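J.: Below are the chains, spelled out letter by letter.
Protein chains: 2
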Amino acid sequence: MRVEIISIGTELLNGRVVDTNARFLRDEIKRVGHSLKLVTMVGDEDGYIEAVLAASMSRSDIILMTGGLGATHDDLTKRCVSKVLNRKLVLSAEVLDTLKKRFEQNQVDIPASEQKQALLPRRCMVVPNRYGTAPGFICQEEQVVIVCLPGVPKEMEQMWTDEVAPYLAERFCKNDQKVTLFARTCGLREMEVNDLLAGMDAQEGISVNLIARNGGVDIGFTMMPDRHNPVEVTVARIKMEVEKLLGASLYAWKEQCLEEIVGRLLASKSLTLGIAESCTGGLISHLVTQVPGSSAYFERGLVTYSNQAKQELLGVSADTLEQHGAVSSQTAREMAKGVRERADTDIGLGVTGIAGPGGGSEEKPAGLVYVALASRKECLCHSFRFTGTRETVKMRSAMVSLNMLRQYLETGYVR
Amino acid sequence: MRVEIISIGTELLNGRVVDTNARFLRDEIKRVGHSLKLVTMVGDEDGYIEAVLAASMSRSDIILMTGGLGATHDDLTKRCVSKVLNRKLVLSAEVLDTLKKRFEQNQVDIPASEQKQALLPRRCMVVPNRYGTAPGFICQEEQVVIVCLPGVPKEMEQMWTDEVAPYLAERFCKNDQKVTLFARTCGLREMEVNDLLAGMDAQEGISVNLIARNGGVDIGFTMMPDRHNPVEVTVARIKMEVEKLLGASLYAWKEQCLEEIVGRLLASKSLTLGIAESCTGGLISHLVTQVPGSSAYFERGLVTYSNQAKQELLGVSADTLEQHGAVSSQTAREMAKGVRERADTDIGLGVTGIAGPGGGSEEKPAGLVYVALASRKECLCHSFRFTGTRETVKMRSAMVSLNMLRQYLETGYVR
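Protein chains in written order, with my numbering: chain A, 218 to 632; chain B, 218 to 632.
Just so you know, the hints here were simulated from the structure itself, not pulled from any lab data. Because the structure is a prediction, the values reported are computed rather than measured.
When chains are identical, the list treats them as one kind, so a pair holds in a single copy or across two.
20 angstroms max Cα-Cα, derived SDA-like pairs, lysine to any residue:
(1) Lys-371 x Arg-430
(2) Lys-581 x Val-325
(3) Lys-247 x Tyr-384
(4) Lys-486 x Cys-474
(5) Lys-371 x Asn-431
(6) Lys-300 x Arg-276
(7) Lys-371 x Asp-435
Build the full structure now, drawing on both the sequences and the hints.
T.: Have a look at this one:
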């Protein structure tokens, strides 16, 4: 079903309050398998609320409104719903009774302003509020269901869970079967991932959604399971196809960072790590140490920006620097070996390149990066050619370095 | 002016990406004194995007769209704007030329798919993108201004600041007499800045807007100039008051990063820098090396996570570590002196602390950080107590370290 969320309240627009309700409902909608189409945040102004509601009703099946229910003067939701649906507000004896009882409990007379809470659009279903005084309600208008809940997160969540979710499940969810999958990659540009997955996106019932972020590309797959196979079979088939298409660039099937994956692998194998960085300038060490407990496996990181530092701290030879340059596979290898040997760690990473925008040449352009990995057994080195800003080149270099380490550890390296 | 924000991207609706762009623009709109009426988040679907845009145009003066610009198949913004405004997409020779040049720099031929980036709605104004390949654009249709920017926050923010904000100021703000000022601070929490500036916020005609970000707090001042004084006088008076209230925590009166300020100071004084980090894990070196040309003054950074590394690489004495611990002013000082002497730089920074969440004790809780600065003349050390997550503690530690360096350099240190 097509769902829209409308969050009402000027405090949301000016940033005094963060709209956590939309986040909660978004996750709930996803969980149930409905399709969220729009989220609108609107202030306490009749005209805008009415326009947004009317537009939503013309295109969606379920409209979830939060906020603007209550006794203060700027709470306009009921008035707007009443106007757009052309249904009068009528007094609910049942709601008024509940309100009176609640105030009696506290030995207080119900204020006149609070009695307004019992005014609700005609023919609506009341959603009781266990924690507050503003009831919610559900209106059905032709094929559209409009749900109005208060903006206080605690009240809204309870009302959603106890009343609205079961109501909607009963009413709608029977035939919707969409499945979603999420994957993370690094080392490829958005366009490259797009091209590699072009064939998948063309398959019936599958849609692919790419997001470039943090130096990598995340992929969302949404699919309608085919009628002849159980969901698990479809998911397994798609995973296999994607893994084949993307190879080692694919590093996770869930929301997980490379530094966490690498950290877990190092910790579980009781291996230690030393890092020698040039063009990434400390970024890899920074990422590795973002993980709590990283001091258990991360021994040191050396940001050897000058040639002198590379020689003194890592033992890169003057010959290598002269013959091949600071940006070369030879230097990267000596950096990785140097930091590993001197720190006496199991693994050493060495990264050198040209972050740009300056410093490039025809032979060695900005964006050229060498990553070397040394273990007690061997030393590997890969080269990369990145485009983009200095920041992008640094970030993508850091990601492929950590990914190279991930692959090495996952393919079974032990001390 | 009535403003609407439309954030485009299925990744926003399903929660994989948080819509920080809407937040940024919301604060900007507030700062300039416009009125934000609606924020809509819509997925990558033509029908919905078109409906939302058309509705916005009927009721608002400025429409800010982000996302959905790019060469991949799910980037639909241009197509939708073209349809709703009934303006064909035409090839911009100027944009194509810029794109070609950018790819040439990296010695790569421009892919056919990237050439699509140069297709823009007729009669639009191009907004150049310094950091990415997707240009933005501004269309004016009757009295409504439609601004389309890419969804990558860094690109969007630069384009907003350099092009769109000045354009809108020129176009709309002429009778608006409001004056805005912007300041950046570090080392203080939002609430602390709030308390320090409480007296200012209470002054007639001045409003203060705080935004916590990147480990610091940014401050927007909006003021109605008083009738008896020219604007410059009011601005000068406010700047003086704020500088007195915030002291050294205030590091810039414009959108400038600490690492840029520090870089400029080092370069102009021909000084070199070495950094020894423990709890910040490479973050300070990473920030310093974000600045193009930093290799001219940044010699090396040592991430000495283990005690052994602190002793071997920096010469921190075993006695100091045993008597005072790795997290102490003594260790911080020896780190700063050690890296400075061994790298033979003019300045050495040493940072040690407990990033948390684990590793703290009653005497030395998580968030306790020592920052030392050594020059050829002297060695200073300050301690800080931060609260927050591991990431926050790292970021705030990095900021105060760079700020301590800024102060030292600004107060006139020369070799």
